[in-house]
Amino acid sequence: MKLPIYFDYAATTPVDPRVAQKMSECLLAEGNFGNPASRSHKYGWEAEEAVELARRQVADLINADPREIVWTSGATESDNLAIKGVAHFYKNKGKHLITSRIEHKAVLDTCRHLEREGFEVTYLEPGSDGIVTPEQVAEAIREDTVLVSIMHVNNEIGVINDIAAIGEVCRAKKVFFHVDAAQSAGKIDIDLEAMKVDLMSFSAHKMYGPKGVGALYVRRKPRIRLEAQMHGGGHERGMRSGTLATHQLVGMGEACRIVKAEMHDEQIRIGALRERLWQGLQDIEEVHVNGSFDKRVPGWLNVSFNYVEGESLIMSLSDLAVSSGSACTSASLEPSYVLRALGLNDEMAHSSLRFSVGRFTSEDDVDYALAKIHLAVDKLRELSPLWDMYKDGVDLTKIEWAAH
Amino acid sequence: MAYSDKVMDHYDNPRNVGKMDDTDDSVGTGMVGAPACGDVMRLQIKVNAAGIIEDAKFKTYGCGSAIASSSLLTEWVKGRTLDEAASIKNTEIAEELALPPVKIHCSVLAEDAIKAAVKDFRTKHAADQQSAVAVGE
Ligand SMILES: Cc1ncc(COP(=O)(O)O)c(C=O)c1O
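So the sequence lines, in the order shown, correspond to chains A and B.
The numbers in the first sequence follow the UniProt record's numbering, run straight up by one, and end at 404.
The numbers in the second sequence follow the UniProt record's numbering, run straight up by one, and end at 137.
The set of hints was computed from the structure by calculation and includes no laboratory data.
Every value quoted in this text rests on a predicted model; they were computed, and no experiment measured them.
Where a beta carbon is used, it is the ideal one built from N, C-alpha and C, also for glycine.
Be aware that a few hints might be false.
Where chain A lies over chain B, by a calculated footprint (3+ residues, C-beta under 8 angstroms) [unchecked claim]:
| # | region |
| --- | --- |
| 1 | 9–17 |
| 2 | 33–45 |
| 3 | 81–91 |
This is chain A alone, in the form it adopts within the complex (with noise of 0.2 angstroms):
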């Protein structure tokens, strides 16, 4: 068992052994190393052929038409040019925006910065199990509005928003529609033929790709126009130049093939590690799910111990790679803002961990992972005044604490 323990396949996957094949396929000089934009000779015409398969494999995933596909390097990048591109290229028709307060920070340092340009924006606030509703949207859409941006699936909870009926909101008031679903894609079906979602993010290296590479759909019928956000040599149609990079497109191209043919098999599996590590936590006193615990893709779990602080708990944990709900890089303790939208306090956000579990997670993994937060958490309570404050039934919120 290799040590510690990789539980965090939400914050990035390793690459498919598969997939890096036909990475180092692309590389050397015997290899597909070519620029696809080169028209003159065969090398050129190799890399496109690839880059375009690659392409069709994106496209396929999602039922999309592979001339809807625009190369990124990232699902950053894809949110930057999705909501700076409508925005910037719409500004005469609105300058209103709709997003919630627990997107990634690619959507809304985008829209902060969309702020300081003069755009106004409205953060929608989800409900306690994380959840944006169709009918928040409907009522915050606005004559100006031009773009809303609700993401498919949160990276810190692992809840799904409703984005078909999202999408029919937004299409029937003529507002354009932006999903953000790096964390979705290759979990959860994507029908974009179906759901009238305008431009869509994807990220290649939380579904077994490389880092550094990702995919921005955007609708041709109907259309939608983006300003570019990088300019040059006139690439992706104009709205992303710069040289393709055969291998990392090969590579997501790859990822998805292979996330497509298995995805079914797979979230049963992932789904059932995730419900066995669950299980194993029921004889934990005051343990919480974070976010609906029905409406989330099978492999995440966010969950709070009551009673135990969040830094603590990780430095037991070190044969754990799990992510916390504080970042503890500083002497105040920083929140997840996520969690905080939720309506969790201060202590119940410190104490969560977020464990993602996936392709190479085995039962035995859960098990080890679940002994280990076993004896972590008895040891943090044996050592909680708070702890026995609970069990001696002292009301903790009637405490007047001194601050510090």
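Take the given structure of chain A and dock chain B with the ligand to it, following the hints.
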């Protein structure tokens, strides 16, 4: 976050974990910090008739450095007088544990905790001292 060996040692084998009866006259209790800030320390001392700290216990909700600071403190205060214990400086704790700058507040909290425990003990006995004076008269 990389922890020093000393922090790890106290974290892995915390000394003097426990709880004393805070209604006992020979016990002083100091509880400092707040859950929302991420640390709460409870430090208790048992003081003998000669005014020497015979025993000390702690429980801490907090990061590894907070746990280590309070654990170390319980070792240090045993055998000391109340005045000696109350004069322990956070900088001594931070130095002993090689705490990084962002964790200095843990040592400050430990200093606050021993001061609070000494104060609690003294408050409990303020009445005896007055009656002692009265008897002497
Ligand atoms: C929801 C979401 N959006 C965007 C990103 C950024 O993706 P990338 O690392 O490909 O830029 C991530 C992952 O970090 C994510 O989880």
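Notebook entry, point to check: Three or more residues of the region 81–91 of chain B near chain A by CB distance under 8 angstroms?
Noted result: violated (count 0)
Check: Are there three or more residues in the region 9–17 of chain B whose C-beta lies closer than 8 angstroms to some C-beta of chain A?
Finding: Coverage by chain A holds for the region 9–17 of chain B (3 residues, Cβ < 8 angstroms).
Checklist line | Whether chain A covers the region 33–45 of chain B (at least 3 residues having a Cβ closer than 8 angstroms to its Cβ atoms) | finding: Answer holds; 10 residues pass the 8 angstroms Cβ test.
In terms of the numbered hints stated before, the structure departs from hint 3 and from no other.
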